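K.L.:
Each chain, letter by letter, is given below.
2 protein chains.
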Amino acid sequence: MNSKLQWLRNTMASLDMQGLIISNPVNIKYLTGIDAEGTLLLTRKDNIFITDGRYIEHVHSILTLYDEIIVYDINDVSKDDYENFFMFCENVGFEEYYVTYADYKELIRKYKINNLVETEHIIERQRMIKDKDEISNIEKACEITDNCFKYLLTYIKPGMTEKQIAEEIEEYYKQRTDGLAFDTIVLSGENTSMPHGVPSDRKIQEQDIITIDMGCKVNGYCSDMTRTIFVGSVAEYIKPIYDLVLKNQVQTLEEMKDGESTRLLTKMVENDFKLNGYDLIHSLGHGVGMEIHEAPYINYRTDTQLKENMVVTDEPGIYIPGKFGVRIEDTVQITKFGCISLTKSEKNYIII
Amino acid sequence: MNSKLQWLRNTMASLDMQGLIISNPVNIKYLTGIDAEGTLLLTRKDNIFITDGRYIEHVHSILTLYDEIIVYDINDVSKDDYENFFMFCENVGFEEYYVTYADYKELIRKYKINNLVETEHIIERQRMIKDKDEISNIEKACEITDNCFKYLLTYIKPGMTEKQIAEEIEEYYKQRTDGLAFDTIVLSGENTSMPHGVPSDRKIQEQDIITIDMGCKVNGYCSDMTRTIFVGSVAEYIKPIYDLVLKNQVQTLEEMKDGESTRLLTKMVENDFKLNGYDLIHSLGHGVGMEIHEAPYINYRTDTQLKENMVVTDEPGIYIPGKFGVRIEDTVQITKFGCISLTKSEKNYIII
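Residue numbers (my numbering), protein chains in the order written: chain V, 77 to 428; chain E, 77 to 428.
Next up, chain V with everything else stripped away, as it sits in the complex:
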């Protein structure tokens, strides 16, 4: 059995949980390497993956005896099988943040479980702490993102459209990685005031401000970086806001370390923004791994202690509706005494 499944089984034992039903495909891939529709059951003795005819061949081609995972075709699982899987289990966990209300009712009916218990992100919390291989994959994705950004600084010219630049980024990633980690954001001029805008046919103009939010996947792991850049020069009315965002982005980096509270970090930035008359309208950051947005979430709604080998983003932004916006974002690895920025592109005024 691999170390991730072993870790999860130890956590289950400590929670007095004798069985677990895993439905989230990202969690299944994390634990087993299997990238297919199906359900992973951890029973008292066995690890069981139930899938269907479309995936059986693929799943068998991935697994080895060492994995200790029994594969079932869903058509061969009888009513009795379902009822026997968790027969001697006191508590069986399910993923209440992934399973729909309708599926929850179906789990109880099908498996005849007495005590189906909420697991409070048991696997997502395990996923927050990255191992060596995971960090190495994220490092590579970040390095390629830095290289792509460097290339963009020579590529972008007035007259090009936002879409065209986004497509060039996609092409760059496609040739070197598993592809995009998320839909690339390229916004210019007044469009930059929309934090989640979509690249349009607007053409880059002289004196434009441009926001680029980009990331790729390497062996299934993501990178995430945003830079706000300028054509020709930086307008005087933008400088104070750029400086304020950058100051807070750097200060957050300086504070991020093992033990630090994510809520406190958010409050620090929020307060400094408010002091200057602006709001922090989105999260300060989020975990990055197999998913582009995963735990921990860095905002004022939740509080998590940062831990060594978490990988998170640091991305404050200020947006003036109808005028412009500035966001600066790095992907960083938390260490015992600070953090390491895995994306390393220039952050002072970048003028092309």
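Careful, some of the hints might be misleading.
Said to hold, decoys possible - With a straight-line cut-off of 20 Å between C-alpha atoms, the simulated DMTMM-like cross-links for lysine to aspartate or glutamate are: (1) V:Lys181 x E:Glu172; (2) V:Lys343 x E:Asp128; (3) E:Lys423 x E:Asp222; (4) E:Lys250 x E:Glu219; (5) E:Lys343 x E:Asp379; (6) V:Lys80 x V:Asp128; (7) V:Lys420 x V:Glu210; (8) E:Lys233 x E:Glu266; (9) E:Lys412 x E:Glu210; (10) V:Lys250 x E:Glu247; (11) V:Lys383 x V:Asp319; (12) V:Lys239 x E:Glu244; (13) E:Lys181 x V:Glu331; (14) E:Lys239 x V:Glu243; (15) E:Lys250 x V:Glu194; (16) V:Lys188 x V:Asp157; (17) V:Lys239 x E:Asp156; (18) E:Lys80 x E:Asp209; (19) V:Lys239 x E:Glu247; (20) E:Lys155 x E:Glu182; (21) E:Lys350 x V:Asp128; (22) V:Lys239 x E:Asp111; (23) E:Lys181 x V:Glu196; (24) E:Lys250 x V:Glu210; (25) V:Lys250 x E:Glu243; (26) V:Lys239 x E:Asp254; (27) E:Lys188 x E:Asp143; (28) V:Lys423 x V:Asp277; (29) E:Lys250 x V:Glu336; (30) E:Lys239 x V:Glu384; (31) E:Lys239 x V:Glu331; (32) V:Lys121 x V:Asp157; (33) E:Lys343 x E:Asp355; (34) E:Lys239 x E:Asp259.
The set of hints was computed from the structure by calculation and includes no laboratory data. Nothing here was measured: the structure is a model prediction, and the numbers come from that model.
Once you've looked at the hints, dock chain E against the given chain V.
P.N.:
Coordinates of chain E only, in the frame set by chain V:
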């Protein structure tokens, strides 16, 4: 208020439902045109969309007074507001097939609803029947898919990789549509035995069998077509299976009409496959619309009566593990007395 919201309100009235909480973003887009994170509430009197700072500007830019939708920033909604929204409602519906168990508990807590009731796909069932505009968009997506396939027949040459062909399809769609409706499947040789395989670096060879499953989006609506084609000639051992799949695909088309049972259609194909020693290992078809897979699902697990102006696929397939597979699929519109194939590409032996 638009006709889709009006239709939904009429259905609610007939179900004695005074309020409805809509969480599924596809359903929200269908009903309002809004493509943003948030929740749509239908209260006794109002249509309310609650979103956050990232989307407020975008949402306001889409809506007009005629829409009769009130937009709230989630940060401005107080505890009392939540409790007042459904104050005089007897029954409030929620989407039990979309809302997670954790969110379900949160809805009850936040809105203080006495009777939160399951709605059994109330909106998905409305979405099954397409209106004129929706069908026109799907028709366009299907026409472009036919044109793309025609182009592919001249483009594909031995030596090209599966990935390369898939990328050419993506490029073709990108230049003419909103892009892919799903990740294109291009498989060749023994890879065709995996119904949901992913394009690889395998090169097309002389005498190869190739399966292409492709579709694009036009104004948010999908097309879906599969063809199995041959390089040079059709191997004799493949012909009986190709003929059997095609025969069943055409027979299904002939039976599809208003009133027909989806389970019966599936049984018909399944029985003929079994008679010849093969299994039908995936659904015979599925609805197509804003989502590439949506209701109705055509398989033996559920039963739906086909209705005029449903748009569904007809896609039987046979797969011989490790050897080859054949699938043939069209997107079709159900009419009173039959069906119209919206994808029209050749289906007899296609040899390049």
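K.L.:
Take the hints in turn and mark each one as holding or not.
P.N.:
A quick look at each hint next to the structure:
no.	hint	verdict
1	V:Lys181 x E:Glu172	holds, 10 Å
2	V:Lys343 x E:Asp128	holds, 18 Å
3	E:Lys423 x E:Asp222	holds, 12 Å
4	E:Lys250 x E:Glu219	holds, 15 Å
5	E:Lys343 x E:Asp379	holds, 11 Å
6	V:Lys80 x V:Asp128	violated, 24 Å
7	V:Lys420 x V:Glu210	holds, 19 Å
8	E:Lys233 x E:Glu266	holds, 18 Å
9	E:Lys412 x E:Glu210	holds, 18 Å
10	V:Lys250 x E:Glu247	holds, 13 Å
11	V:Lys383 x V:Asp319	violated, 29 Å
12	V:Lys239 x E:Glu244	holds, 18 Å
13	E:Lys181 x V:Glu331	violated, 36 Å
14	E:Lys239 x V:Glu243	holds, 18 Å
15	E:Lys250 x V:Glu194	violated, 43 Å
16	V:Lys188 x V:Asp157	holds, 11 Å
17	V:Lys239 x E:Asp156	violated, 43 Å
18	E:Lys80 x E:Asp209	holds, 12 Å
19	V:Lys239 x E:Glu247	holds, 14 Å
20	E:Lys155 x E:Glu182	holds, 13 Å
21	E:Lys350 x V:Asp128	holds, 18 Å
22	V:Lys239 x E:Asp111	holds, 19 Å
23	E:Lys181 x V:Glu196	holds, 13 Å
24	E:Lys250 x V:Glu210	violated, 33 Å
25	V:Lys250 x E:Glu243	holds, 10 Å
26	V:Lys239 x E:Asp254	holds, 12 Å
27	E:Lys188 x E:Asp143	violated, 28 Å
28	V:Lys423 x V:Asp277	violated, 27 Å
29	E:Lys250 x V:Glu336	violated, 45 Å
30	E:Lys239 x V:Glu384	violated, 39 Å
31	E:Lys239 x V:Glu331	violated, 45 Å
32	V:Lys121 x V:Asp157	holds, 15 Å
33	E:Lys343 x E:Asp355	holds, 11 Å
34	E:Lys239 x E:Asp259	holds, 11 Å
Violated hints, in rising order: 6, 11, 13, 15, 17, 24, 27, 28, 29, 30 and 31; the structure is consistent with all others.
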